[in-house]
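Listed below are the residues making up each chain.
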Amino acid sequence: MDTEVTSRRRFLVAAIAGSGAIASGLNLTLIRSASAWAEAPADAPTDTTRTLARMVRLYYPHDSVPDDVYVQTVDSILSAAASDVQLQELLDGAYVALDAVGAGRFADLDTAAQLSAMTKLQDEGFFTAIKFQVLGRFYAHPEVWKAINYPGSSVEHGGYVDRGFSDIDWLPERGR
Amino acid sequence: MSQQFKLNDASVVVVIGSGAGGGTVANELAQKGIDVVCLEAGKRLALADVVNDPGLMMQKLGWNDTRRGTPIYTCKTVGGTTMRWSGITPRFQTHEFKALSTYGEMPDTTLIDWPITLEELEPYYDKAEDKMGVTGTHGIPPSAETNNYKLLKAAAKKLGYKEYTSTRTAINSVARDGRAACRQIGFCHSGCAIGAKWSTLYTEVPKAESTGHFELRTEAMAVKVNHDDNGKVTGVVYADNDGNLHEQKARAVCVAGNVMETTRLLHNSASNLFSDGLANSSGQLGRNYTRHMMFSTLAIMPGEVNFHRGTRQSGLLFDEQYHMPDRGFNGGYLIETVATDPVTVAAIVGGWGESAAEYLDNYTRLGGLWVTGEDPPQASNRITFDESERDQIGLSVPTLHYTFHDNSMAMFEHGKKQCEALLASMSGQKPVTTLDVGGGCHNMGVARMSANKNDGVTNRWGQTHDIANLFVTDGSLFSTSAAGNPTLTIVALAIRQADHIADRMKRREL
Chain A
1 MDTEVTSRRR
11 FLVAAIAGSG
21 AIASGLNLTL
31 IRSASAWAEA
41 PADAPTDTTR
51 TLARMVRLYY
61 PHDSVPDDVY
71 VQTVDSILSA
81 AASDVQLQEL
91 LDGAYVALDA
101 VGAGRFADLD
111 TAAQLSAMTK
121 LQDEGFFTAI
131 KFQVLGRFYA
141 HPEVWKAINY
151 PGSSVEHGGY
161 VDRGFSDIDW
171 LPERGR
Chain F
1 MSQQFKLNDA
11 SVVVVIGSGA
21 GGGTVANELA
31 QKGIDVVCLE
41 AGKRLALADV
51 VNDPGLMMQK
61 LGWNDTRRGT
71 PIYTCKTVGG
81 TTMRWSGITP
91 RFQTHEFKAL
101 STYGEMPDTT
111 LIDWPITLEE
121 LEPYYDKAED
131 KMGVTGTHGI
141 PPSAETNNYK
151 LLKAAAKKLG
161 YKEYTSTRTA
171 INSVARDGRA
181 ACRQIGFCHS
191 GCAIGAKWST
201 LYTEVPKAES
211 TGHFELRTEA
221 MAVKVNHDDN
231 GKVTGVVYAD
241 NDGNLHEQKA
251 RAVCVAGNVM
261 ETTRLLHNSA
271 SNLFSDGLAN
281 SSGQLGRNYT
291 RHMMFSTLAI
301 MPGEVNFHRG
311 TRQSGLLFDE
321 QYHMPDRGFN
331 GGYLIETVAT
341 DPVTVAAIVG
351 GWGESAAEYL
361 DNYTRLGGLW
371 VTGEDPPQAS
381 NRITFDESER
391 DQIGLSVPTL
401 HYTFHDNSMA
411 MFEHGKKQCE
421 ALLASMSGQK
431 PVTTLDVGGG
441 CHNMGVARMS
451 ANKNDGVTNR
461 WGQTHDIANL
471 FVTDGSLFST
481 SAAGNPTLTI
491 VALAIRQADH
501 IADRMKRREL
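Protein chains in written order, with our numbering: chain A, 1 to 176; chain F, 1 to 510.
This is chain A alone, in the form it adopts within the complex:
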């Protein structure tokens, strides 16, 4: 079980990163035939999952955020879609549109071509709707907070009354 989870994660991470070796269809076939694939789970990322993974990354690309956070964001959206027909339809529509707008299947394009495809579709309703699905999860993740120096809950630390709520030091005039 652990192996399956780990494997799925590894593939998703690769998909998110857009690393050519795994994200390209051709290489996937090669890997599939190699012995390394034996440990891959039956539910290795489908093309659509790889598409969503790349979208999530390209919506909010932070070098400082661990890949695992992107994986969890993808998993969380897919899990929500499993019991939300409207969300699943939204995603399905996006996959079709993204595959149609570029020079090939979205998941197989290079990063520049993927960005170009997303830019072409950025005024479509689904684009913003999915973006909100992403941002509500991604920017609520403690690992993202750590990366952008947002500490989250403060009440257990007594708030900021003794911890810098009034310590701004670069303004031209201080005090009144």
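It is possible that part of the hints are untrue.
As the list claims (entries may be wrong) - Dumping the calculated SDA-like pairs for lysine to any residue here, alpha-carbon to alpha-carbon at most 25 Å: (1) F:Lys43 <-> F:Lys249; (2) A:Lys120 <-> A:Pro61; (3) F:Lys157 <-> A:Asp169; (4) F:Lys430 <-> A:Pro61; (5) F:Lys430 <-> A:Gly136; (6) F:Lys430 <-> A:Gly158; (7) A:Lys146 <-> F:Thr364; (8) A:Lys146 <-> F:Val343; (9) F:Lys430 <-> A:Leu87; (10) F:Lys416 <-> A:Leu171; (11) F:Lys157 <-> A:Phe127; (12) F:Lys430 <-> A:Phe127; (13) F:Lys417 <-> A:Pro172; (14) A:Lys120 <-> F:Gly351; (15) F:Lys430 <-> A:Trp170; (16) F:Lys98 <-> F:Glu120; (17) F:Lys430 <-> A:Asn149.
Treat the hints as calculated values from the structure; they're not laboratory data.
Based on these hints, arrange chain F on the given structure of chain A.
Same frame as chain A, now just chain F:
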């Protein structure tokens, strides 16, 4: 010690809602020895239930039933939206009570003057400020200056603005009235975990209970107001948590459910005598909805601001609040500071890709401003009901129809320029200004007070024009929106209404 009243006790005043309007009028009446039953649709939380998690608290506090149309943010919990507000408490200005006289007829608006003046409301503003502990008034020490406020202050000075302050918030600067001093926790919109911010949950409600003249019934959703053949209201039907219906008899009823629920309750109380909804002979119920022209401006500053440290909103700039028609629009706006969590920042910033991510990478260096400005009422901005769609308790689902007036858009363009100039004056980069941030938090006008009974639903006391013992006690009363945050004015009007009801009862007119 909470009192318990019988359902058939027709001597009680029934108050619907326990927020700024309902909680206040209920306590004021109880303090005068008048028996009150308060019906609250939500649960009663304890301070220990309040955590620094906006998403979770939105589930706990928010009114999350199905609604259509333009989004609106209200609360279903004891305390109502006083659990979710920022505590900013400016008074309205003289001219704002005379919108029609001051601005003249404006196309596509339903402007009227308030049937009361600032002068009449001033003694009640005094009482409201004292009750709520508004800093900088009544000898209450000023609020401390947060980083974000210091940024606003420095920028305001640079641009030649004259009137700005970190005070005027109903958040304790020192321990007062049994409540703690602010510890600059932040998350003010998720409930205050230490009770430093005024909320009726831990002020008006327990104070009313201690009189022995008040009973709070929670998870009691009012569904219909009944009346007799003479057209006087006689009781309120409510659904308990199991969906069972009860009727609490009443001598008088005060409705304070925020605009959606106040409108829906009166609409659903239609009868042979009141075919278009209770107290709606004018046809104005649910119309003239206003919500303020609101927007937010963020910029990336050259140094750390850390606006998450401290109160969510921590200062105001008044210079633009006046009516100065040379600016190309009627009425004015207030500039305030705002700090939000990363999810909200991402939503406000909009966009996607490198530029959006860069904004969040600079989270600790963001400066944040927010504006609330006068929004003229329009007949088409209204609440309607889809009788074919029912919610979980079988009530018709409300739809809010809302568009900004041209005047509000002209005000937005002006305010955007000023807010971006403020942050630029302190070397802020890449300003982002987003319209309607916070839209649906300030809800007004749908049962407005009017001198002429054809123009609104209520008179100068918030008493409905049609029914002597039926009152409205929330922001629905506002004849026009004015510019400033509405809670102080809701509380002042509720205190004034309680005096009026008590007086009428003494004279045996109610």
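A quick look at each hint next to the structure:
Restraint check for Lys43 (chain F) and Lys249 (chain F): the C-alpha separation of about 22 Å stays at or below 25 Å, so the hint holds. As the CA atoms of Lys120 (chain A) and Pro61 (chain A) are separated by approximately 18 Å, the hinted pair is consistent with the 25 Å bound. Taken as a hint, the Lys157 (chain F) and Asp169 (chain A) pair is honoured in the structure, with Cα atoms around 17 Å apart against an allowance of 25 Å. Among the hinted pairs, Lys430 (chain F) with Pro61 (chain A) is consistent with the structure: their alpha-carbon atoms are about 18 Å apart, no more than 25 Å.
Distance check on the hinted pair: Lys430 (chain F) and Gly136 (chain A) sit about 23 Å apart at the alpha-carbon level, within 25 Å; holds. Proposed proximity of Lys430 (chain F) and Gly158 (chain A) is contradicted: the alpha carbons are some 33 Å apart, above 25 Å. The straight-line distance between the Cα atoms of Lys146 (chain A) and Thr364 (chain F) is roughly 12 Å, inside the 25 Å bound, and the hint therefore holds. Restraint check for Lys146 (chain A) and Val343 (chain F): satisfied, since their Cα atoms lie roughly 14 Å apart, inside the 25 Å limit.
The straight-line distance between the Cα atoms of Lys430 (chain F) and Leu87 (chain A) is roughly 33 Å, outside the 25 Å bound, and the hint therefore fails. Of the supplied pair hints, the one linking Lys416 (chain F) and Leu171 (chain A) holds, its CA atoms being roughly 22 Å apart against a limit of 25 Å. Restraint check for Lys157 (chain F) and Phe127 (chain A): the C-alpha separation of about 42 Å exceeds 25 Å, so the hint is violated. Annotation: proposed proximity of Lys430 (chain F) to Phe127 (chain A) holds, straight-line Cα distance about 23 Å (limit 25 Å).
Between Lys417 (chain F) and Pro172 (chain A) the alpha-carbon distance is near 22 Å, which keeps this suggested pair within the 25 Å criterion. The straight-line distance between the Cα atoms of Lys120 (chain A) and Gly351 (chain F) is roughly 14 Å, inside the 25 Å bound, and the hint therefore holds. At most 25 Å may separate the alpha-carbon atoms for a hinted pair to count; Lys430 (chain F) and Trp170 (chain A) meet this at roughly 19 Å. With a C-alpha separation of about 13 Å, the suggested pairing of Lys98 (chain F) with Glu120 (chain F) holds against the 25 Å cut-off.
For the hint linking Lys430 (chain F) to Asn149 (chain A), the alpha-carbon distance of about 20 Å falls within 25 Å, and the restraint holds.
Checked against the numbered hints above, the structure breaks hints 6, 9, 11 and satisfies the rest.
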